[in-house]
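Trainee: Sequence:
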Amino acid sequence: MNWHPWRSARDDYPHIAIDCTQRLSPGTMGLNGERTIWIHRGLTQAERRCTLTHELLHREMPDADEDTIERETARRLITLPQLVDAFRWLRHPSLPELAEHLWVDEQTAWTRMQHLDPIEVAEIEAATEGDWSWSDVA
Numbered sequence: 006m007n008w009h010p011w012r013s014a015r016d017d018y019p020h021i022a023i024d025c026t027q028r029l030s031p032g033t034m035g036l037n038g039e040r041t042i043w044i045h046r047g048l049t050q051a052e053r054r055c056t057l058t059h060e061l062l063h064r065e066m067p068d069a070d071e072d073t074i075e076r077e078t079a080r081r082l083i084t085l086p087q088l089v090d091a092f093r094w095l096r097h098p099s100l101p102e103l104a105e106h107l108w109v110d111e112q113t114a115w116t117r118m119q120h121l122d123p124i125e126v127a128e129i130e131a132a133t134e135g136d137w138s139w140s141d142v143a
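Going letter by letter, the sequence shown gives residues 6 to 143 in our numbering.
Everything labelled a hint here was simulated from the structure, so no lab data went into it. Note that CB positions come from ideal geometry on N, CA and C, so glycine has one too. The reader is advised that the hints may include incorrect statements.
Computed Cβ-Cβ distance ranges for the label pairs, DEER-style [stated by the list, open to error]:
no. : residue 1 : residue 2 : range
1   : Thr-41    : Ala-132   : 39 to 45 Å
2   : Asp-122   : Gly-47    : 21 to 27 Å
3   : Arg-46    : Ile-124   : 27 to 33 Å
4   : Trp-94    : Gly-32    : 30 to 36 Å
5   : His-120   : Thr-49    : 20 to 26 Å
6   : Glu-39    : Trp-94    : 39 to 45 Å
7   : Arg-93    : Gln-50    : 19 to 25 Å
8   : Arg-46    : Pro-86    : 29 to 35 Å
9   : Pro-101   : Glu-128   : 20 to 26 Å
10  : Glu-128   : Ser-13    : 31 to 37 Å
11  : Asp-68    : Ser-99    : 16 to 22 Å
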């Protein structure tokens with residue numbers, strides 16, 4: 006099943022408000038408060054999706070470091086079947102093309118590609134008959 010951060014927020018955190026109306030400090034995409042998650046109002050839909058997932062994971066895994074949160078955000082938002090589909094269609098995408106196809110921001114796409122395990126690489130390889138490239142992306 007695909008991860009839906011808005012559904013997760015509704016179902017798992019009904020007491021938490023999501024506020025997308027505020028301008029946050031430069032470089033800040035999201036913030037967690039006691040009863041609110043703030044998402045910078047200037048973000049694209051894909052960026053909001055990634056940021057909300059990231060902030061929800063901080064609640065789910067409060068002791069996790071930032072790298073762990075980033076990797077889990079990428080893993081939840083980008084499944085292996087979605088990656089296989091992307092490389093079947095795009096074969097040799099640029100990072101922006103891959104991110105757009107996967108409906109995530111570039112950082113999330115890059116993080117997912119950097120942390121593919123050997124089994125995932127083999128599955129993409131098999132599905133594309135070897136005609137794909139991720140070194141251009143990662």
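Trainee: Next, verify each hint and record whether it holds.
Mentor: For each hint, the structure was consulted:
1. Thr-41 <-> Ala-132: 39 to 45 Å: Check passed, 42 Å falls within 39 to 45 Å.
2. Asp-122 <-> Gly-47: 21 to 27 Å: violated (35 Å)
3. Arg-46 <-> Ile-124: 27 to 33 Å: violated (40 Å)
4. Trp-94 <-> Gly-32: 30 to 36 Å: With Cβ atoms ~33 Å apart, the hint holds.
5. His-120 <-> Thr-49: 20 to 26 Å: For His-120 and Thr-49 the Cβ distance comes to about 23 Å; the hint holds.
6. Glu-39 <-> Trp-94: 39 to 45 Å: 43 Å Cβ-Cβ, so the 39 to 45 Å window holds.
7. Arg-93 <-> Gln-50: 19 to 25 Å: holds (24 Å)
8. Arg-46 <-> Pro-86: 29 to 35 Å: holds (32 Å)
9. Pro-101 <-> Glu-128: 20 to 26 Å: This hint holds: roughly 24 Å between Cβ atoms.
10. Glu-128 <-> Ser-13: 31 to 37 Å: Check failed, 26 Å falls outside 31 to 37 Å.
11. Asp-68 <-> Ser-99: 16 to 22 Å: violated (36 Å)
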